[in-house]
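Engineer: For the protein sequence lines, the chains are A and B, in the order given.
For what it's worth, my numbering labels the leading residue of the first sequence as 1, then goes sequentially.
For what it's worth, my numbering labels the leading residue of the second sequence as 1, then goes sequentially.
Derived from the structure by calculation, the hints contain no laboratory data.
All clues given are correct.
Partner residues are not named here, just some residues of chain B that face chain A (Cβ under 8 Å, in silico):
| hint | residue |
| --- | --- |
| 1 | N37 |
| 2 | Y40 |
| 3 | V47 |
| 4 | L54 |
| 5 | E74 |
| 6 | L81 |
| 7 | D103 |
| 8 | E115 |
| 9 | N143 |
Here are the computed lysine-lysine pairs in the BS3-like style, where the Cα-Cα straight-line distance is at most 30 Å:
| hint | chain 1 | residue 1 | chain 2 | residue 2 |
| --- | --- | --- | --- | --- |
| 10 | A | K35 | B | K128 |
| 11 | A | K122 | A | K66 |
| 12 | A | K88 | B | K30 |
| 13 | B | K105 | A | K35 |
| 14 | A | K128 | B | K30 |
| 15 | B | K145 | A | K121 |
| 16 | B | K128 | A | K424 |
| 17 | A | K30 | B | K88 |
Backbone N, C-alpha and C define an ideal beta-carbon position, used for all residues, glycine too.
Protein chains: 2
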Amino acid sequence: MRIFRRFIHIKKIPSLYWGNNERTKGFGTKELLAKLNLIYYPHSGLVHWLPLGLQMRNKIETIIRKHMDEIGFEEIELSSLTDTALWKVSGRLDTNKELFSVDSKFLLSPTSEEEITALVKKTTSSYKQFPLLFYQIGNKYRNEKRPRGGLLRGKEFLMKDGYSFDLSEEAAMNTYHSVFGAYEKIFDDLRLPYVKAEADSGDIGGTLSHEWHYLDVTGEDTIFECNHCHSTSNIEKTLSYAKPINQFHPVDVKYFRTTDHSTLVCAYYPRGRVLDTNFIKNEVDIDLDSDISEEELLEDFSDQETLPSKKFLRIMDSRLSSRSELPEFPILFLSRASFTTLTDIPIVQAIDGEICTSCNKGELKASKSIEVGHTFYLGDKYSRPFECSVIMPETGRQDLIMGCYGIGVSRIIGAIGEVNRDEKGLRWPAIIAPWHVTTIEAVDGDYNELYEQLNENDIDYKLDHSDNNLGKKCAQSNLLGIPLVLIVGRDFPIVKIEPRGKRFTDDLDWKKLYESKHEEFQWTVNCDREGNDVSHSVHKDGAIAVIKSLLKDM
Amino acid sequence: MRIFRRFIHIKKIPSLYWGNNERTKGFGTKELLAKLNLIYYPHSGLVHWLPLGLQMRNKIETIIRKHMDEIGFEEIELSSLTDTALWKVSGRLDTNKELFSVDSKFLLSPTSEEEITALVKKTTSSYKQFPLLFYQIGNKYRNEKRPRGGLLRGKEFLMKDGYSFDLSEEAAMNTYHSVFGAYEKIFDDLRLPYVKAEADSGDIGGTLSHEWHYLDVTGEDTIFECNHCHSTSNIEKTLSYAKPINQFHPVDVKYFRTTDHSTLVCAYYPRGRVLDTNFIKNEVDIDLDSDISEEELLEDFSDQETLPSKKFLRIMDSRLSSRSELPEFPILFLSRASFTTLTDIPIVQAIDGEICTSCNKGELKASKSIEVGHTFYLGDKYSRPFECSVIMPETGRQDLIMGCYGIGVSRIIGAIGEVNRDEKGLRWPAIIAPWHVTTIEAVDGDYNELYEQLNENDIDYKLDHSDNNLGKKCAQSNLLGIPLVLIVGRDFPIVKIEPRGKRFTDDLDWKKLYESKHEEFQWTVNCDREGNDVSHSVHKDGAIAVIKSLLKDM
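All chains, please: the whole structure from these sequences, using the hints.
Structural biologist: Structure, rendered in structure tokens:
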């Protein structure tokens, strides 16, 4: 107990922190985060942040605040309830199908363009007050029907959303680029490689909109890059045409009904391909009702009594031709007048090698990914309907030029958990890890001097004082994803440092230090067959320098 | 511009920060907070936090975190959406009439006893994991029909809510007392005098429940203190007896029925007094049905067919005597057997000068107040219905003993704004003020040495670099509630310091410093007729010491 009292960093490790690693084998990342009590899922799509998870979240927030403050953005916090009336002004009340309504007057904010534009309009009176640059970090809401991956897609999620108001397009572009730079710093701080995918910027044109992704085979998003025009886009936005070599695909069909229940929609597409109902909705401009099973649906439309009032819409994917053989139509006694057919509509998700619809020339290359950020140049999309304008001394009244900038804060934790994990468990970047170093005493002894040095150097460590044996302690630290394990004891004053955190660079800092210091530090490195450092043995007087050097690349 | 570049604290003062003081005269505190762009009200009962307001809020949160962490509470963050099913388990779905429902499955959390109890039940497996002490700081929701005072009573408001789970009543009491101590430190840090009112602790008995109030004539709450036993309680919980001089009051009556519809409850009380149905519920231990108008009720109980199965309960307030003349009974043909009368039950709210029921001796003194915190010993009120229990090695399975502890974070800002304001505007305690010192240069000059010293001493100052004149600059700083104005120029190196922040002690720190240093600092004090220091003139080399000393008591 002597040691505990002396060190401020070893305050208390509640039992809640530790899962039992024997019981976590084979779990997905979502389950692992819960088993390790970083977070808790009270309900599908919802999250409770437990102490360690919240600390990690706070660390990411600190990074974001730092880089947003640096470029002159000011933090605010808008109410999470937003007035439904504002969403009528922007027109998004009708187009956003995932809004949570509260007491009929309010929505739970999924994003705040409407609120912030109304706020800026009301609180400003002169062009001299601009530019105005705001951000907030808070919960956002989406009535997500299929929550996924715990932190990856939820009904409630933590976002950093930023909004800029400039006096000219040029100034707004400069703001956009400064946010772009801040995002690069934020993602650089997190160490993991990321992809900036250009995104369709709607009304505005140009390329001033980017999605920020982590590439990962488990990712829900698929990014396509065209090998001709190099446009890169999310699968949800990638329309594609068939490869030039046309094939006679076997044809599958899926049935839907429109939300008014009047029409049976029959979507025909090549067997084995993934039908995207959003493509049907967007390309054909109809709303589909997804609350009924196909069996019930066909039974409903087969009812001979109501059949005369029903309509039937057949949609043929662009990959099908007139020679494609369609499945038998499941309903008998149809009137021809109730029957419409649309052809050459791309309604399935693109696959590797199909043709880019942007240039009609190149082939699309697919990668799986997780979107974690979006920067968007908005122009006057919101300032115009909200009449958020200023009077310029020379040119008179003009709309403010806006941008908006999102980062999925909770999603970043879920994504990094997923991207970085391996068979041993999680691996956190040092800057957001619950702590930097797990210290294990293999043999009882007085290691206070070393602990003092860790404290003095702001290296966040925890001593594992449990009854577990050495192997179990290492496994627990690795499972939780702590960047380093420091083992003291057996060969003291030689100590052992085992890196766990993942490195994404070949230019490792420790190798440079090793060149100049390995003799002085009595430093030996144990490498695996691929040449990766598995453990470092070093004299206690060099341990701090080696730990700092290792953490730099994690 | 030279000066701006050198000082990190003078980053940017956006126009949004400043209201126009000529246009704020006569405004209430609620309006003043908005005029000064600390906050913005998008809708009745909702608040947007603007940069300066959010910074003040963050400062209060920092104080709360410090003192909660010190007593071993760990910060978490529960989802703001809570499962309706949990509120059925506790029985509060029916009794809480101000819940916001979302998508039928969820509620916007007004408080988190249900969630935290369900969470602790699910994530713990051994008594060794206890005690567990959690708190969170986040938005809470109440479907408030009459929002009031901006930050004082809203549909969305920021709360610190803490929850403790202990293995025994004794341990839970110790936890309660440690929270009590932390609350004292939190409120002491804010400098304003506060009142701890004992509150009825329901099932538990004893006095282990306290409300924390700021006394203020504009307050919505009323607190009574007994001049004999000094018990202090909220009007909603203050039972009282009549003054010794008995009067023959005219008598009023109100009718209710019990929730099982079997019994008509007739409550008789002195005309002009406020009947409190909670007193009836608690003192007579019956549940009243409030979903029916008195007219319908009497019609129902007058039905001659069902009359034989009905019962009638007459409750006479303790202020009535056998000589009080009761209103005519509204229902005819009553059977005596169906008829019960209870006398001497206190069922109306107390008024100044009535007799305390705790000691039966003292008189009650009423004060208006604003409740800003509540500490509550819960016992097994939630752990029992949620079966949140542990198996103790000796004594077997037992329910955990809980406590809950709230602080209205946003309400504290509204309350301090209200309690501390005067005709010049707001007055913030130094620890939460937007900044400590407004610096004004009456004459151009090089004051960099002084600014450097302010920086080095972590005194948060802003240089007012606007085009306003000296008087206007002082008025703006006073209006916003900055504790001190520092005027440099005219008599430099003598500078002038004008205190604005309110002091609540006679033992002022600056007076002690003055004794020993007034000659060295060339320090003179200008006082008003009541002896209050209106301004300090001091040599620049003593200015930092004087500023620090003044801030200590603000």
